[in-house]
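Respectively, the protein sequence lines represent chains A, B and C. Numbering follows our numbering, in which position 67 of the first sequence is assigned residue number 67; successive positions increment by one, without gaps. Numbering follows our numbering, in which position 233 of the second sequence is assigned residue number 233; successive positions increment by one, without gaps. Numbering follows our numbering, in which position 67 of the third sequence is assigned residue number 67; successive positions increment by one, without gaps.
No lab work stands behind these hints: they were computed from the structure. Misleading hints may appear alongside valid ones.
[As the list claims (entries may be wrong)] Here are the simulated lysine to aspartate or glutamate pairs, EDC-like style, with alpha carbons at most 16 Å apart: (1) C:Lys31 with A:Asp372; (2) A:Lys39 with B:Glu91; (3) A:Lys39 with A:Glu135; (4) C:Lys188 with C:Asp171; (5) C:Lys195 with C:Asp219; (6) A:Lys39 with A:Asp260.
Since this is a predicted model, take the numbers as computed values, not measurements.
These are the residues of each chain, in order.
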Amino acid sequence: MFFEAITLQLGYNATLVTIGAALLGLAAGATGTFLFLGKRALVSDAISHATLPGVALAFITMVALGGDGRALPGLLLGSALSSAVGLLCVSALTTRTRLSEDAAIGAVLSVFFGLGIVLLTVIQTMSAGRQAGLESFLLGSTAGMLWNDALVIALGGAIVLALALLLRRPMTIVAFDPEFAAGAGMNVRRIELAMMGLALAITVVGLKIVGLILIVALLIIPAVAARFWSERVTVVVGLAGTIGGVSGYVGAAVSATAPDLPTGPIIVLVAFGLFAISLLLAPGRGVLAAVLRHRRFQARVHVRQGLLALAQGQPIYERLTLRLMRARGLIRADGVATEAGRAQAAQALLDERRWQLLRSDPAHEEAAAHYDGLTPLETVLTPDQLRALDRGLRLEAAQ
Amino acid sequence: MMGEEFVALSLPPILIGIFAAVACALPGNFLLLRRQALIGDAISHVVLPGIVGAFLVTGVVAAWPMMIGAGVAALVAVGMIEAIRRLGGIEPGAAMGVVFTTLFAAGVLLLEQSDTSSVHLDVEHALYGNLESLIWLDGLGWGSLLDLAALRGLPPELPRMAITLALVTLLTWIFWRPLKLSTFDEGFARSLGLPVGAIGLGLVIVAAIAAVAAFDAVGSIIVIAMFICPPAAARMMTNRLETQISWSVLFATVSAVLGYVLAGYGPLWLGFDNAVSAAGMIATVSGLILAGAAVFGPCRSRVGASGLAG
Amino acid sequence: MGLTLARDAGRAPDAQSPLEIRGLTVTYAEKPAVFSVDARFEPGVMTAIVGPNGAGKSTLLKAALGIVRPVSGQVSAWGAPIDRMRGRIAYVPQRASVDWDFPARVIDVVLMGQYRQLGLLRRVRTRHMEAAFDCLRRVGMDGFAERQIGQLSGGQQQRVFLARALAQGADLYLLDEPFAGVDAATEKAIISVLKELRQQGKTVVAVHHDLSTVPDYFDRVFLINTTRIAEGPVDKVFTQSNLQEAYGGRLATAQMNALG
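For reference, chain A alone in the conformation it holds in the complex (with noise of 0.2 Å):
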């Protein structure tokens, strides 16, 4: 069954659900890493809650019009409309008053949200107990999706993702520095307006399949993922856009074998699995990379320490130093120098004259620059300046 799914072959409307959330988390991948580096990834949020109401409205305008209600190009637009309000809303509320975004976000997400809900219960009530069955917008629901959703969904996220990739490189500029893209001539609201515009149309195409509380996660958790196997901004994008499109994809293939399994819910969590692996695995930014790393930096500063300690013949104190020195040989159970310990220990002095001297004579300031207590001077100079300053050093102590 998994198979025939991942293969796309359970039917014509579950390969068109399965393409289309593929593209969809491609598209939110790709351009919530926009929003993730300019650190507005929240902003979302808002976006996505805000929609309620003008799902509400656009089916209750409908109605009144004679129509079905039902129809979803209709919902979507009217879910645009209002999470477009919203926007406007958090923007106003950030740049005329005192509050800060997280404020105002959290204010027009749950105040939009309240009044989607009101609207619900006013539509409870409409024409007596049609079933509007409006609540799937909430978290989604693929069961009996029509041709034509499907469509809506597949053709929407292509054109976001086209889009994304048209956009990709003023909205990194603007992402990474406003300031500079304001000064070299860009019209940053502009280019601001289309990013918000596209997590707006990426919540909009969502909503039918992953719902409106569940669409935050693919414009943010395939951009938290990418950025930690990459420091090159197009890279993460493009990381972004595999992840949350293979997300999309195993997650709406594996929904689509059972029907206790929503697809919103799986493909997040196959999202977030993504997400664990970068976490703890990625070289560099990763956990354990880290700790790794922190661990023999730590080991570095504390031999280093303790080495100057004996070179001066004085005591050391910590028992971490004195734990680390006897694992590495350099001195014995009893605190005494070992002969290896003696030797980098009157090397470690050494270096650290040399650097006192390079430090105060402002022929070598660049060099000087390199100081940091750890690094050898050998790494820093040629042997011949090194010589140099030898030279200098015996000046010193024969004065």
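Chain A is already provided as a structure; the job is to place chains B and C on it using the hints.
Only chains B and C this time, still in chain A's reference frame:
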């Protein structure tokens, strides 16, 4: 409206609404000033996995196991956010976004997987509660308030929420000075030897207690709205923390009362038959109050030199 | 100065010194900001901690107070662990380290300095208010008690911070860049308060970045650039060669000449 019917049908929900709103608004003031306003959002999203987990463990839908489950989920969420923020070097907003969506997704999946068809446990209930149903059948008039037998018939949410509010108020009062000090100047607080980390964690735990107690009675929407809207509106009314707290309590109370009344009677006044969601209306009213403060509040904009510029 | 690392021989902490630091190393992102620094500050005098930007001056102070966590090192005050002596230590953080948009008045901030006397629940009585007003008077800010802190100028904010430290009634005053970005009147007011403290036998240690005022303001100087460069009386330690070592080529010749 002020007769016997009011005591039985409207007094308990209004009181529960007020208690829940104020219990959330009090810690919300400090979360707002610490730029942690969205912690309330995160906590209320993870209530769902908490109650589903509690149901799976105990097999019953009862208030206490569900509240304990929600509390545990809130603590797990806060721990995960901190871990991702520190270990991964991820900014707090994004870390929150990762955690609360994942836990919420896990909650929905668990709910779908478990057989809850026989019991009343669903997402909508966790989101918008059912304030309207918390009626007092023994309340036959104002006299019933003095009748012990009748008082026993009060909805259990009322005393529970009252105790929660009392606890939150007491803790805020006791720890007022360290809270204020460490919120304003963390470095100075540390130099005094104050346990700054523990104070911050304690604040989040109190917020979680308020959120968990409130969601059961009124749903998560009110919780998020009350954490943020009354304190944010209050901040724009004054430049003194003490006064800000008073305004936020007033705004929370007005939201709860006005929201409940508008939800229950508003549609009738407009000629419709049915009431609308009280939880949603309370959140909406708090938003209107915030909008009013943002436009007319005497202290709505930043003034003077910001120390950061120097 | 010779070429030793100038570290103290191992021995028990000095019960006379209000602040003693041994083997302190602090790192940010795996680059030491402060490396293996020893410092013993003398009682009853004013010491300036001096060094170029990014030399670890503020970090040294913050690590000594436990505000940032060091990788290694020990800190003692009057010979005891610093945690037992916090009641005798006042701290003035950098002005830019807090959000001045916080809803508080000047007097509220000064009262924070009396936290140790007030504790959790003791009421603020007339004598507490009088003490707070007295501290404001000493820094020339008594007319501003009811003012919202966000409405103050940079220099006024700095004076409020100093008043809060005075309200702590401490024996050791640690100040982080108290003269950074303040007007001339504030600088004069602050230095006269600090000299007053010294007259009362208190100890003052301040991170300071303006070399030209060091000899006028301070008795002793502690030179640092990641490691300790030198420490001692201003006339002995504040020399061209020591400054050259601390600042490298970053110290402009003109500035050196100005120092004589």
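Here is what the structure says about each hint:
{"no.": "1", "hint": "C:Lys31 with A:Asp372", "verdict": "7 Å, holds"}
{"no.": "2", "hint": "A:Lys39 with B:Glu91", "verdict": "7 Å, holds"}
{"no.": "3", "hint": "A:Lys39 with A:Glu135", "verdict": "31 Å, violated"}
{"no.": "4", "hint": "C:Lys188 with C:Asp171", "verdict": "22 Å, violated"}
{"no.": "5", "hint": "C:Lys195 with C:Asp219", "verdict": "10 Å, holds"}
{"no.": "6", "hint": "A:Lys39 with A:Asp260", "verdict": "36 Å, violated"}
Hint check: violations occur at hints 3, 4 and 6; the rest are consistent with the structure.
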